[in-house]
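Residues per chain are reported as follows:
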Amino acid sequence: METLTYNGTQIEVNAEGYLKDMNQWTPELAREMASKENIELTDKHFDVLNWLRAKQAEGTPLSIRKIGNSGLVDIKQFYALFPGGPLKISSKIAGIPKPASCI
Amino acid sequence: MQEVLERPVTTVAEAPVDKNKGKVKKVLVICSKGKLEDVYAALVMANGALMEGIQAKMFFTFFGLEAITKKGADHLHTATVGNPAFMPGMPTVLAGLPGFEAFASYMMKKEMDKLDMPHVTEFFQMIEAGGGEIYACRLAADMFHLKKEDFVPEVKDIITVGDMYALAEGEGTQIIFI
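Residue numbers (the numbering used here), protein chains in the order written: chain A, 1 to 103; chain B, 1 to 178.
Treat the hints loosely; a few may be bogus.
Stated by the list, open to error - Pairwise CB distance ranges, derived in the manner of DEER restraints: (1) Thr9/A to Asn83/B: 54 to 60 Å; (2) Met143/B to Asn23/A: 57 to 63 Å; (3) Lys98/A to Phe177/B: 25 to 31 Å; (4) Leu139/B to Thr3/A: 56 to 62 Å; (5) Phe46/A to Asn83/B: 44 to 50 Å; (6) Asp47/A to Asp74/B: 27 to 33 Å; (7) Asn7/A to Glu122/B: 39 to 45 Å; (8) Leu115/B to Leu72/A: 19 to 25 Å; (9) Gly59/A to Met143/B: 48 to 54 Å; (10) Glu12/A to Met143/B: 55 to 61 Å.
Hints are computed from structural coordinates only; laboratory data are not their basis.
Idealized CB from N, CA, C, for every residue including glycine.
Bound-form chain B, shown alone (with noise of 0.2 Å):
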């Protein structure tokens, strides 16, 4: 047992890459909830393919919507409740007591600041001078009634299903979903 133990094992990480191959060229990010850490997930993503010379779109759907409407943009918040990550040993109680979830999110987008890290309508205006490309979901705005100029300005278009998949279109696209 101790000899196949101690035989070299060669893991994934090891083995040899050619990195003309399989080069991620573009990533198609869908986001589709509405919760800070979630939406801010995605917008990390974008923008840092972007930085990487990596293209980016971003079609956001459902409570995702949330994310980009002007109203709603800058005011994300966690969620303390259903979050077994936030405060572990926070009893549900407490966590869903009035004003404790706007208080969390306060001390978030606090440290958040500390790290230099854009407000969302800020993130947008970033991802799109990159170069990167914003979109919304035709099926998901029409069931929230939100109309182009409910959205934030870098907002392109409202699309279809169909035509989110024509954006990702081309060898290397990577479609990440949140």
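Next up, chain A with everything else stripped away, as it sits in the complex (with noise of 0.2 Å):
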């Protein structure tokens, strides 16, 4: 079982480093999990993030179209938000599943 500690928490992940569980999710880890892929988060960023943790929690299968049509972003301020694969860059800082998405 993989295990990431934030400020004295075991939080547990998946072996790609999802969090297993959403509501261990604070906005702090979420800075923690970004500096490691070298984003430091903006309002913006949490804009995105908060609307991809209530998409999930509905249910609703995620998609890079889905996310320009949110009226948050558009897709290329998405790619420039969370660079080198943004969908699961930014489910991973969001405290979500992997999207198992081909769009």
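Can you join these two chains into the complex? Each is in its own frame, and there are hints to help.
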């Protein structure tokens, strides 16, 4: 079992580093995870992360296209916010499972 | 004989992989066909690469050019004749009736909508937004009398085969031909 220790709390993650329980997520943990991806989180990042978490909680399958239609960011901005694989990286930082999306 | 079969077999999939070596860093997707399913295969692979942080370039040639024309992009058809995997058992004579291909293509697009698949023109916008680049083949464009203004705005340029290979330069590039 892989764990991530943050502020003395053990947080369970899978082999790829995705949180097993999205309720263990905190904005501070997100900042910590983002720094590992060389991303410094801004308010815009958090808008996207919170949106992802809300959609995940609803059970909506996530895709880049849906984020582009969210009204928060367009697809180009999304790639700029989370470079190098935006959907998987943002999902990891948002504390939700890796989306199984091909589009 | 039994003994031989029971011996553990090491498959290719089980072999240890050094993820840092031989990583795919860039794909060049060449699309030479204009059928709905072929064009979508090219688009999904190019866009999928970008989603994984892999660079993607696209080169459309021959009948693939139809997919990047303003007129044709969102009106591609699937082939109902000469396509054995399409509704197996459907007699070719029926599949060739007027309107059948349009109907089949309409049904296929409806299924794609259900899966939240973007239309072709939207896919090009997504690919461009993700940093992908789209090019048209010079030779084929000349042959079909197509000019830059006939193509969707995401088409960056009309280039030669030599220019196309230059797009694939660099370590870790894979060329995919459809």
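Looking at the structure, which of the earlier hints fail to hold?
none
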